[in-house]
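> Keeping their order, the protein sequence lines are chains R and E. So for the first sequence, the working numbering puts the first residue at 1; every next one is plus one. So for the second sequence, the working numbering puts the first residue at 1; every next one is plus one.
Hints may contain errors.
Simulated coverage check for chain R against chain E, where a stretch passes if three residues somewhere in it have a Cβ under 8 Å from a Cβ of chain E [unchecked claim]: (1) 203 to 210; (2) 299 to 311; (3) 403 to 413.
Since the hints were derived computationally from the structure, they do not count as laboratory data. Built from N, CA and C at the ideal position, the CB exists for glycine as well.
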Amino acid sequence: MASAAAAGTPPGPAAPKSRRSVTGTRRTVAALFLLPALVLLGALVVYPIGYSIIRSFYNASGDGFAGFDNYKALFTDDGIRTALKNNIIWVVFAPTVSTALGLVFAVLTERVRWGTAFKLVVFMPMAISMLAAGIIFRLVYDQDPDKGVANAVWVGVHDTFAQSSAFPKAHPGRESPLKPDQGGFLTTATVHTGQTVTLPLVGVAPDQMPDRAKKAVAAKPEPGRITGTTWQDFTRGKGVGKLGVPDPSELGYAGMRIEAVKDGKVVASTKAAGDGTFTLPATADGAQLRLPASNFREPYNGVDWLGPSLVTPAIIGSYVWMWAGFAMVLIAAGLAGVPRELLEAARVDGANEWQVFRRVTVPLLAPVLAVVTVTLMINVLKVFDLVYIIAPGSSQDDANVLALELYRKGFAESQPGIASAIAVFLLLLVIPVMLFNIRRLRREVRR
Amino acid sequence: MRGNSSTIRTNTAVTTVAALLAGALVLTACSSGDGKKGSGDTSGGATASGSGLTLPRLNGASLEVAAVWTGTEQKNFKKVLAEFEKRTGAKVTFVPAQDPIINFLGSKIAGGQPPDVALLPQPGAIKQAVDKKWAKPLGADALKELQKNYSPGWQDIGKVDGKQYGVYYKAANKSLIWYNAKAFENAGAKEPKTWQELLTTAQAVYDSGVTPFSVGGADGWTLTDWFENVYLSQAGPEKYDQLAQHKIKWTDPSVKQALTTLAQIWGKKDYVAGGADGALQTEFPNSVTQTFTGGDQPKAAMVYEGDFVQVNIGDTKAKVGTDAKVFPFPAVGSSAPVVSGGDAAVILKDSKAAQALATFLASPDAATIQAKLGGYLSPNKNVPDSAYPNPVQQKIAKALIASGDDFRFDMSDQAPQAFGGTPGKGEWKDLQDFLKNPKDVAGAQAKLEKDAAAAYGNGS
Numbered sequence: 001m002a003s004a005a006a007a008g009t010p011p012g013p014a015a016p017k018s019r020r021s022v023t024g025t026r027r028t029v030a031a032l033f034l035l036p037a038l039v040l041l042g043a044l045v046v047y048p049i050g051y052s053i054i055r056s057f058y059n060a061s062g063d064g065f066a067g068f069d070n071y072k073a074l075f076t077d078d079g080i081r082t083a084l085k086n087n088i089i090w091v092v093f094a095p096t097v098s099t100a101l102g103l104v105f106a107v108l109t110e111r112v113r114w115g116t117a118f119k120l121v122v123f124m125p126m127a128i129s130m131l132a133a134g135i136i137f138r139l140v141y142d143q144d145p146d147k148g149v150a151n152a153v154w155v156g157v158h159d160t161f162a163q164s165s166a167f168p169k170a171h172p173g174r175e176s177p178l179k180p181d182q183g184g185f186l187t188t189a190t191v192h193t194g195q196t197v198t199l200p201l202v203g204v205a206p207d208q209m210p211d212r213a214k215k216a217v218a219a220k221p222e223p224g225r226i227t228g229t230t231w232q233d234f235t236r237g238k239g240v241g242k243l244g245v246p247d248p249s250e251l252g253y254a255g256m257r258i259e260a261v262k263d264g265k266v267v268a269s270t271k272a273a274g275d276g277t278f279t280l281p282a283t284a285d286g287a288q289l290r291l292p293a294s295n296f297r298e299p300y301n302g303v304d305w306l307g308p309s310l311v312t313p314a315i316i317g318s319y320v321w322m323w324a325g326f327a328m329v330l331i332a333a334g335l336a337g338v339p340r341e342l343l344e345a346a347r348v349d350g351a352n353e354w355q356v357f358r359r360v361t362v363p364l365l366a367p368v369l370a371v372v373t374v375t376l377m378i379n380v381l382k383v384f385d386l387v388y389i390i391a392p393g394s395s396q397d398d399a400n401v402l403a404l405e406l407y408r409k410g411f412a413e414s415q416p417g418i419a420s421a422i423a424v425f426l427l428l429l430v431i432p433v434m435l436f437n438i439r440r441l442r443r444e445v446r447r
Numbered sequence: 001m002r003g004n005s006s007t008i009r010t011n012t013a014v015t016t017v018a019a020l021l022a023g024a025l026v027l028t029a030c031s032s033g034d035g036k037k038g039s040g041d042t043s044g045g046a047t048a049s050g051s052g053l054t055l056p057r058l059n060g061a062s063l064e065v066a067a068v069w070t071g072t073e074q075k076n077f078k079k080v081l082a083e084f085e086k087r088t089g090a091k092v093t094f095v096p097a098q099d100p101i102i103n104f105l106g107s108k109i110a111g112g113q114p115p116d117v118a119l120l121p122q123p124g125a126i127k128q129a130v131d132k133k134w135a136k137p138l139g140a141d142a143l144k145e146l147q148k149n150y151s152p153g154w155q156d157i158g159k160v161d162g163k164q165y166g167v168y169y170k171a172a173n174k175s176l177i178w179y180n181a182k183a184f185e186n187a188g189a190k191e192p193k194t195w196q197e198l199l200t201t202a203q204a205v206y207d208s209g210v211t212p213f214s215v216g217g218a219d220g221w222t223l224t225d226w227f228e229n230v231y232l233s234q235a236g237p238e239k240y241d242q243l244a245q246h247k248i249k250w251t252d253p254s255v256k257q258a259l260t261t262l263a264q265i266w267g268k269k270d271y272v273a274g275g276a277d278g279a280l281q282t283e284f285p286n287s288v289t290q291t292f293t294g295g296d297q298p299k300a301a302m303v304y305e306g307d308f309v310q311v312n313i314g315d316t317k318a319k320v321g322t323d324a325k326v327f328p329f330p331a332v333g334s335s336a337p338v339v340s341g342g343d344a345a346v347i348l349k350d351s352k353a354a355q356a357l358a359t360f361l362a363s364p365d366a367a368t369i370q371a372k373l374g375g376y377l378s379p380n381k382n383v384p385d386s387a388y389p390n391p392v393q394q395k396i397a398k399a400l401i402a403s404g405d406d407f408r409f410d411m412s413d414q415a416p417q418a419f420g421g422t423p424g425k426g427e428w429k430d431l432q433d434f435l436k437n438p439k440d441v442a443g444a445q446a447k448l449e450k451d452a453a454a455a456y457g458n459g460s
């Protein structure tokens, strides 16, 4: 744009009698050739920018002058403030992480024999559109470990160390002799030797019942001991059946741990047999029976990747996945231009590989790294698609960025005034970065 | 809200059996239409049908009809238009539109080529079209047909400032709870009629080892629909209207009561599949499919939403009517709620042909054709139950018609879009936060009121 404008007004010819410029072209001819480009640029770039700026000073319906109200909204609206905060996080982390990873990949692939193949693989995500990448990562981060690969790995690792229990959703049914206690259940009454105790629960899915569970039987009283049954007091298709008594097809809670508690101390404990029966020694006389919480531990459900707190880092992760390859290719190109002699010289001087990388390679690559980071920064400021697609509706507000807020204000809430103000604001944010890039380029050319 | 209407539209894949059955019915319908046309020709100029519908001869006239329907739904509607062509001799072109249709029409009108008739999905859109002087009122013939076939309530929502503009051609019944028949059978649970019974049923299902409810909380509109049903039944239609127009505040005690009632399900541990966090990441289609997959151990036993749920059930192996059944949303207060939605035909370019089409769309003849094809519900009270292809559809249609004038239009559809129709904002977001933390009723009310005040205040 700048170059076109500069070329459009060439310095006036020195001799007034001749209407030819230094290069010998007539002005009209020059203008004629420039016209299509100027018209296109004007209609497609200058006019929209100008109109956005004007529009940003008008209210929602576009017929009343609003002054700076829309810009005030930029800094008072909660949604926009979150968007701004997230944009800062994005601009700081996404380009740096991508560039750092790209640098590592570039330096390492130089030394691998299959480097090109590796580069190809890392670069491949660039061939996918942002939208498709968004859909892929929406699935990767899915909460359900059966669908989301991130949680599948996480849960897999977690479960190798901590097993979930057999009866996660068991709970007391109606008129139960049990009450909730520290995540487990406790009998309301105390138990005595020679008595039988019933500990009925409901709510364990049939396919989650332990394999060795057998039909529950009522325990027989034994003198000097406490006996009892713990079982699923629920018959399929019939409801509880006879309340508090094992019906014919009801299953015992095989392996349920039972503790006898006296004054808060465990005095005896046992595990239920396949038919749900258990026996406790005489020491448990006068105690309350507890089914401790360890019986009911919920299966681990993995990390809430797309929940309010992790959603932005998660989306940045998907961005890095796409753009690290881009950074790598540019840096690798820069690396090819680094004079080998310097590296050799450093090595001859006794520098180890880390020192060579840190003191020689990185400083030599600094201009390339700066260009890559700045390019990615511009790219990140306008990030929209990934956020729009990956964040589920419930956490879209927490993942919000300016470009998304612009879209929502402009097209979903019919607030084109505020949307234009956001657009102008984004433009202002991009300008310094762009200037930096242009000046770099100029210096490069001069060199 | 845009969410669910687009779901209805985008994938209207009816289950194969229903489609086959419907196909057979269509053939008979068409052939009988042919016969009528023949008799109409002889009786000089006008076509009469069994229901006494008279349409003028319109040879040479051509019409454009715009609607956002796609796929099967569009195909089925075209069959209705074909019948109109056959009866009148006019040529009708279907113009596929995009959501939001009001913006689509705006650009068409700016371009000087509005369609003759458009199907608008919300009462707000009709009002907008009238305010912008796009819509033309219905003529005498269309009015007569409308009054004959529609209850006053359905006529009124097509009116703006006392003048009739819209003909509600298609309706949605959003007061339905779909359930996995197998899970209910295993639990020994019965279809509930009241909220209390619903809680008992849920407990029975829970006791059998299945999570009672599946909630598609990632889409905010499913949550607003939940709320609307509870509120309509509990607080009554008058309060519902007042809240919809923001004449009473969201901090009203009636809202508190409704949210507290909702929390009896949303807030109870293990009542919602995946817990609150899981539900908030479950999109609507998934909330349906997870209820009807997994054999006799589905992720949940019940899922609430409108008649369009059957479209998503079509994606599973479950069969509507045997594996997947439905009961009307139970009464929370004195009577069961009927929350609905619908598409109204509005004339944008007044002509004899456009008026005739509006008349035709208001007649049971048109509705019956599409009803037979499935996936469609008509608010026309003179459409026979037998027109619907299966018992489930008949039940849904019956519930809708039986509500008479006590049905109410989706509240979030009536609200400004910033409040009732934007993902992650306004009512959607506030109810999502409430689902996450159902204990904080007062906090949810305060947030709803704050967002509502901002959205209604803007007058957008």
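> All hints, please: hold or fail.
Checked hints:
no.: 1; hint: 203 to 210; in the structure: holds (count 6)
no.: 2; hint: 299 to 311; in the structure: holds (count 4)
no.: 3; hint: 403 to 413; in the structure: holds (count 3)
Violated hints are absent here; each numbered hint is respected by the structure.
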